[in-house]
Structures are given as structure tokens and as C-alpha cells.
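2 protein chains.
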Amino acid sequence: MHLDKINLKEKYSKFTKHWSPRIIAEMNDYQFKIAKIKGEFIWHDHKHTDETFIVIEGEMILKFRDSEIKLTKGEMCVVPKGVEHKPCAENECKILVIEPRGVINTGDKVGPLTINKDVWV
Amino acid sequence: MHLDKINLKEKYSKFTKHWSPRIIAEMNDYQFKIAKIKGEFIWHDHKHTDETFIVIEGEMILKFRDSEIKLTKGEMCVVPKGVEHKPCAENECKILVIEPRGVINTGDKVGPLTINKDVWV
Chain A
1 MHLDKINLKE
11 KYSKFTKHWS
21 PRIIAEMNDY
31 QFKIAKIKGE
41 FIWHDHKHTD
51 ETFIVIEGEM
61 ILKFRDSEIK
71 LTKGEMCVVP
81 KGVEHKPCAE
91 NECKILVIEP
101 RGVINTGDKV
111 GPLTINKDVW
121 V
Chain B
1 MHLDKINLKE
11 KYSKFTKHWS
21 PRIIAEMNDY
31 QFKIAKIKGE
41 FIWHDHKHTD
51 ETFIVIEGEM
61 ILKFRDSEIK
71 LTKGEMCVVP
81 KGVEHKPCAE
91 NECKILVIEP
101 RGVINTGDKV
111 GPLTINKDVW
121 V
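So the sequence lines, in the order shown, correspond to chains A and B.
Going by our numbering, the residue at position 114 of the first sequence is 114; the numbering climbs one at a time, nothing skipped.
Going by our numbering, the residue at position 118 of the second sequence is 118; the numbering climbs one at a time, nothing skipped.
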């Protein structure tokens, strides 16, 4: 049995595009996705699943309809299913997102930022 | 809707015991657990689930029956279900473990290191 470790920095070095999550690992039917984000994403929710954000480098704001949370390196937040949220980052921020396989990044708000296929890095 | 962020460093500061995972968050039926490890754990596997290890600080060795992986800060590994493994750390290492709710840390090798209740921090 040969198992490889996954080095986040090395994985981040392989792409530059913002708001373009890349899968780095799967655990059962869940996926670990890394993303570089900068600017404002769109308001959306995920009706059937919670979604976890962990900041690996930099700083992001998770906006909710009536509050917001600033997350910096080493901080995380689990957004409950059905809760509208809007990820934002003034400067580039590197995040790790954990959610079930098949979740679409924009929820049902399909548009130019939608990624609906699995892209591994 | 009020959501809190979770700061890993702050959570680690609240306990000292080794091999004593503490839950910091739940996502659907999965749990995020932090642990401080030092020394050798026992050989075990989890028959029905994969298990994710992320090193937050320090260095650990994940031993398998025929290989081993050294994981340092910013590195992770998903141990597939049914694969025997033995976490070890020469010096204290801080890890984040992600797995379904109800998974027992020692698998079916119940003994003095077994934690079979949910402890939040």
C-alpha cells in the first residue's frame, strides 16, 4: 500500500486563477479543495450541505446577510446548509474548502463563476 | 444568524493532554478534532471510513505496515478505510483530524488510549 502526503504549499504553487477550486484529496464522499480568492464572490447557499472554510494564508471575510466573520490564517468556519454567504478577500487569500463531492461552488446561482466539474491539482 | 469563527491556536491552548482529541466543529455528520500527540500511538484501522490527518504544527510520522509518511506543518494525508496505521511523533505535534462522528480513535483496538465519547473544546 503506497500512500502519498499532500503538501498544501506545493499544490497552491500549481495554479494562479482566483475562485477556481482544485481538488487535492477525497475522504469517503467528501472532497478537500484549495482555492485562491481575491475580490468578491457571489451570494449563494448550499441547500443540502454544510461547507467548511479554513484559511491557510491571508485573510478573508465571510459575509452573511446580517453579519460577517473575518477569518485569518489558522481560522475556520463551518457554514451551515441553507445559510446564504458571500466569501470576499481584499488581498489574495488561500483557503481550504471541505464539502461533499458534487457541491457546486455557486450553489444554484449558476453564472460565470460557477465551476461544475472536478478539477484536481 | 450568528456564526463564530474557530481559531485553532486558541483551541489548542485549552488543553495539554496528548492523544486526547477534542472536537472543535461539526460539518454534517463529520467532526473536526484537534489533538496534541507525542510518542507512539497503537496500530489500528477504521473499517468503515477514511480518516484525514492535517499537521498544524510540528511533525508526525504516519506508519503503515509496509511504509511510512512524514507529515510536517501544512501537510495532510487521507488514510483509506481498512488501512492499518500508527501515528507517531518524536516531539509534540498538533494535528487536525477529520472523520465521521462516532469514529473511535483506536478503531476496534480498545485500550487505555481509547476515547469513546465526544469531548469538545
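What the hints contain is simulated information worked out from the structure, not anything from laboratory work.
Honestly, I wouldn't trust all of these hints.
Put simply, identical chains are the same to the list, so a pair is met inside one copy or across any two.
[Unchecked claim] Okay, derived cross-link-like pairs now, SDA-like style, lysine to any residue, Cα gap no bigger than 20 Å in a straight line:
1. Lys94 to Leu113
2. Lys109 to His18
3. Lys81 to Val121
4. Lys86 to Asp50
5. Lys17 to Leu113
6. Lys9 to Lys94
7. Lys86 to Asp4
8. Lys5 to Asp66
9. Lys73 to Ile56
10. Lys14 to Lys109
11. Lys70 to Val83
12. Lys94 to Asn7
13. Lys117 to Glu68
14. Lys9 to Asp29
15. Lys5 to Glu59
16. Lys63 to Trp120
17. Lys5 to Glu90
18. Lys9 to Ile69
As the structure is a prediction and not an experimental result, all values here were calculated from the model.
Hint-by-hint comparison with the structure:
no.	hint	verdict
1	Lys94 to Leu113	within (17 Å within a copy, 36 Å between copies)
2	Lys109 to His18	within (18 Å within a copy, 45 Å between copies)
3	Lys81 to Val121	neither (27 Å within a copy, 23 Å between copies)
4	Lys86 to Asp50	within (14 Å within a copy, 30 Å between copies)
5	Lys17 to Leu113	within (11 Å within a copy, 45 Å between copies)
6	Lys9 to Lys94	both (10 Å within a copy, 18 Å between copies)
7	Lys86 to Asp4	between (34 Å within a copy, 15 Å between copies)
8	Lys5 to Asp66	between (40 Å within a copy, 15 Å between copies)
9	Lys73 to Ile56	both (5 Å within a copy, 11 Å between copies)
10	Lys14 to Lys109	neither (28 Å within a copy, 40 Å between copies)
11	Lys70 to Val83	within (17 Å within a copy, 38 Å between copies)
12	Lys94 to Asn7	both (14 Å within a copy, 16 Å between copies)
13	Lys117 to Glu68	neither (29 Å within a copy, 33 Å between copies)
14	Lys9 to Asp29	neither (24 Å within a copy, 29 Å between copies)
15	Lys5 to Glu59	between (26 Å within a copy, 13 Å between copies)
16	Lys63 to Trp120	neither (27 Å within a copy, 26 Å between copies)
17	Lys5 to Glu90	between (31 Å within a copy, 19 Å between copies)
18	Lys9 to Ile69	between (25 Å within a copy, 17 Å between copies)
Violated hints for the displayed structure, listed by number in ascending order: 3, 10, 13, 14 and 16.
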